[in-house]
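Participant: The primary structure of each chain is shown beneath.
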Amino acid sequence: MVESVTADHTVLLMFIIVGAIFVPLTLTASHLLAPSKHDERKLDTYECGSEPIGPPWVQFRVGYYVYALLFVVFDIETVFLYPWAVAFDRMVVFVLAEMIVFIAILAGGLAYAWKEGALRWR
Amino acid sequence: MTLIQPVGALSFMALSVVLFSLGLYGALSRKSTVMVLMSLELMANAININLVALSRFSAPAEMTGQFFAVFSMVVSAAEIGLGLALVLALYRQRKTVEIDAMQELKG
Amino acid sequence: MSALAWFIPEYLLLAGAFFALFAELIVRREGVAAAAGALFASLAALSALAIGVRPAAFGGVLELDQVSVTVRVVLATLSAVYLLWLAGRGMAPERSREAAAFVLLATLGGMLMVAARDLMVLFVSIELATMPAYLLMGYRRDDEHTLEGALKYFLLSMTTSLVMLYGFSFLFGIAGSTSFAAIAEAPGAGLLGAFSAVFVFVGLLAKMSAAPFHYWAPDAYAGASPASVAFVSTVPKLAGAAVMVRLAVILVPGVPALPTVFAVASLASMLLGNLAAFPQSDVRRLMAYSGVAHTGYMLLALSAGSAAGNAAAIYYTIAYAAPSMAIMLLAAEEGTAVDDFAGLAARRPAAAWTSVVLLLSLVGVPPMVGMFGKLVLFTAALDAGRLALVLVAVAMSVVSAGYYFRVLRAAFFVGGRAERVPRVLPAAVAVALLTAATLALGVFTGPLVRWLTAAF
Numbered sequence: 342m343v344e345s346v347t348a349d350h351t352v353l354l355m356f357i358i359v360g361a362i363f364v365p366l367t368l369t370a371s372h373l374l375a376p377s378k379h380d381e382r383k384l385d386t387y388e389c390g391s392e393p394i395g396p397p398w399v400q401f402r403v404g405y406y407v408y409a410l411l412f413v414v415f416d417i418e419t420v421f422l423y424p425w426a427v428a429f430d431r432m433v434v435f436v437l438a439e440m441i442v443f444i445a446i447l448a449g450g451l452a453y454a455w456k457e458g459a460l461r462w463r
Numbered sequence: 018m019t020l021i022q023p024v025g026a027l028s029f030m031a032l033s034v035v036l037f038s039l040g041l042y043g044a045l046s047r048k049s050t051v052m053v054l055m056s057l058e059l060m061a062n063a064i065n066i067n068l069v070a071l072s073r074f075s076a077p078a079e080m081t082g083q084f085f086a087v088f089s090m091v092v093s094a095a096e097i098g099l100g101l102a103l104v105l106a107l108y109r110q111r112k113t114v115e116i117d118a119m120q121e122l123k124g
Numbered sequence: 060m061s062a063l064a065w066f067i068p069e070y071l072l073l074a075g076a077f078f079a080l081f082a083e084l085i086v087r088r089e090g091v092a093a094a095a096g097a098l099f100a101s102l103a104a105l106s107a108l109a110i111g112v113r114p115a116a117f118g119g120v121l122e123l124d125q126v127s128v129t130v131r132v133v134l135a136t137l138s139a140v141y142l143l144w145l146a147g148r149g150m151a152p153e154r155s156r157e158a159a160a161f162v163l164l165a166t167l168g169g170m171l172m173v174a175a176r177d178l179m180v181l182f183v184s185i186e187l188a189t190m191p192a193y194l195l196m197g198y199r200r201d202d203e204h205t206l207e208g209a210l211k212y213f214l215l216s217m218t219t220s221l222v223m224l225y226g227f228s229f230l231f232g233i234a235g236s237t238s239f240a241a242i243a244e245a246p247g248a249g250l251l252g253a254f255s256a257v258f259v260f261v262g263l264l265a266k267m268s269a270a271p272f273h274y275w276a277p278d279a280y281a282g283a284s285p286a287s288v289a290f291v292s293t294v295p296k297l298a299g300a301a302v303m304v305r306l307a308v309i310l311v312p313g314v315p316a317l318p319t320v321f322a323v324a325s326l327a328s329m330l331l332g333n334l335a336a337f338p339q340s341d342v343r344r345l346m347a348y349s350g351v352a353h354t355g356y357m358l359l360a361l362s363a364g365s366a367a368g369n370a371a372a373i374y375y376t377i378a379y380a381a382p383s384m385a386i387m388l389l390a391a392e393e394g395t396a397v398d399d400f401a402g403l404a405a406r407r408p409a410a411a412w413t414s415v416v417l418l419l420s421l422v423g424v425p426p427m428v429g430m431f432g433k434l435v436l437f438t439a440a441l442d443a444g445r446l447a448l449v450l451v452a453v454a455m456s457v458v459s460a461g462y463y464f465r466v467l468r469a470a471f472f473v474g475g476r477a478e479r480v481p482r483v484l485p486a487a488v489a490v491a492l493l494t495a496a497t498l499a500l501g502v503f504t505g506p507l508v509r510w511l512t513a514a515f
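Residue numbers (our numbering), protein chains in the order written: chain A, 342 to 463; chain B, 18 to 124; chain C, 60 to 515.
Next up, chain A with everything else stripped away, as it sits in the complex (with noise of 0.2 Å):
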């Protein structure tokens, strides 16, 4: 049983007092030394340097959310896959099958959802 970690708060108290010293100062710095001429095109809100259209609250499609919950499954794939992957060189074959099941499971997950035409845009 490890009684504790230990840890040097000296560096994350550093980090703390430099934190709070940089941020003000740099933010004034570049006030007082920064040329500032405004026009109206440039006090607009920044959308990748086309014209903003309309409100940025606006409703996503819920066609996306097909989409980020398809990407989940992949998500958690990885999840499993790096640890596995990292171990790789030192792995009996029966773990290699395993894996392979578990990722059969995740394709026949998606390959229903294919099949239900959850990939199609609509």
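If you are wondering where the hints come from, they were derived from the structure by calculation, not from laboratory data.
Virtual Cβ for every residue (Gly too), placed ideally from N, Cα, C.
There could be a bad hint or two in this list.
To be verified - Partial selection, computed: residues in chain C whose CB lies under 10 Å from chain B:
no., residue
1, Arg200
2, Leu210
3, Ser220
4, Tyr225
5, Leu250
6, Leu251
Dock chains B and C against the given chain A, drawing on the hints supplied.
Facilitator: Below, chains B and C without anything else, positioned relative to chain A:
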């Protein structure tokens, strides 16, 4: 003054208790179902902290707790996905995600 | 035989779930998915029976003792019968292939739950058993009530899962391992042990809809389609009862106050469930409260804290599951209000007499299996000196006859509509099988309880 201090298991458990309580309070008190889901996620993260910390302190060699945390994360991701799907289906019917609107069925 | 082969039933259920999803590509008919699922589930039940008791496998995370084997076989059989019914009637108005897949996956989760000897495996399998359950509860996607009930069920289920998992994390911290054996041998952990046990059992009691954590059940059931309730209120509950017994066996030596907790929850559930069931006019709500009451009886056996009590708790849950599923299936055919049963004796005499058998079994009238369940349960509780609770339980059983008879009164003495639902053979066979089990299972009480007791 030395700032090198040992951090015991108790500190991690205290952090986890605080997070878990915040999550539970949120889950019971928030009006929006989306906020309730976020509170539930906070509870899940409190548990993960607990698992990883206890793994470090009581069985550092086996890393059981870290595996447990990975499984817990995956399961809660799946749960939240399902929950959002339910919220979305209900939103399509009712155009609101507020819990107070759910008065159709009562104990 | 290698340990991999001991879990053939689980593989069959997984294969069945995928087959059900894609079955309609092969045979284009509604109901083929459920029929295929029923086939896979019955094969799973038979293979589970053939495999029988086996020692710990896969590094000790799964083990098939007498309890695991019994509950596995019963779970697979119940879901096979349920899928047979589904093949005949379907999940109107939605298609039923996903429902068939969910049923098989939930059963798979339940079977792993009872075999698990490790917190990690237990947690993942509990989630596997509950996630399909709330999808089934929200199956009618365009019905507000269904979705609302399902969302309530989901929110509560996830909260309780997390509370339980929090308890698990402390149990792991105390023992330094997730295996049940290590947790049972861990030194008495005092306050932290009590703390974690409380978290674990609050989560489990809520999942089993025991008072005072029962409030989600009537809402969730009343929103859902009765066919979903028939499955969700029986199969996952049986697996949950087995897990509860298993964890109680591990945790009671370290936390001696637990049997008292079970006794209090039992008293509250018996009183509240039976009294609140009285004014209900919806069969789903009535069965939800009666489910609370039956969880109370189960907890009474658990509070005995003896091997006989543990076996009785599992046997009683089995004895409750079959008639309860059959009643909900009848409600799915006839209608969900108690008044929908009016005139049942005139238009479907067989169904009416079936419901007599089923409801009398739930009350605990001989010679139905419910009576034998209560008998072993009361004996175990009396041996542990819980006389007062047993008296309450007996009184409440008499009270429960009141609301069950309301359904029978409607069926036999109130005139109702004359047109009957079309005859469907698989559905009729499914209900008949459950009724036959209700009538005949009592014969095997002695051997079955002795066999279950051997596990503790």
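Participant: Indicate, hint by hint, whether the structure satisfies it.
Facilitator: Each hint tested on the structure:
The interface hint given for Arg200 (chain C) holds, since its Cβ lies 6 Å from the closest Cβ of chain B, which is under the 10 Å cut-off. At about 5 Å, the closest approach between the beta carbon of Leu210 (chain C) and any beta carbon in chain B falls short of 10 Å, and the interface hint on this residue holds. The criterion of a C-beta within 10 Å of any C-beta in chain B is met by Ser220 (chain C), whose closest approach is roughly 7 Å, and the hint holds. Checking Tyr225 (chain C) against chain B: minimum C-beta separation of about 5 Å stays under 10 Å; hint holds.
The beta carbon of Leu250 (chain C) is not positioned within 10 Å of any beta carbon in chain B (closest approach about 12 Å), and the interface hint is therefore violated. Against a cut-off of 10 Å between C-beta atoms, the interface hint on Leu251 (chain C) holds, since the closest Cβ of chain B lies about 9 Å away.
Checked against the numbered hints given earlier, the structure breaks only hint 5 and satisfies all the rest.
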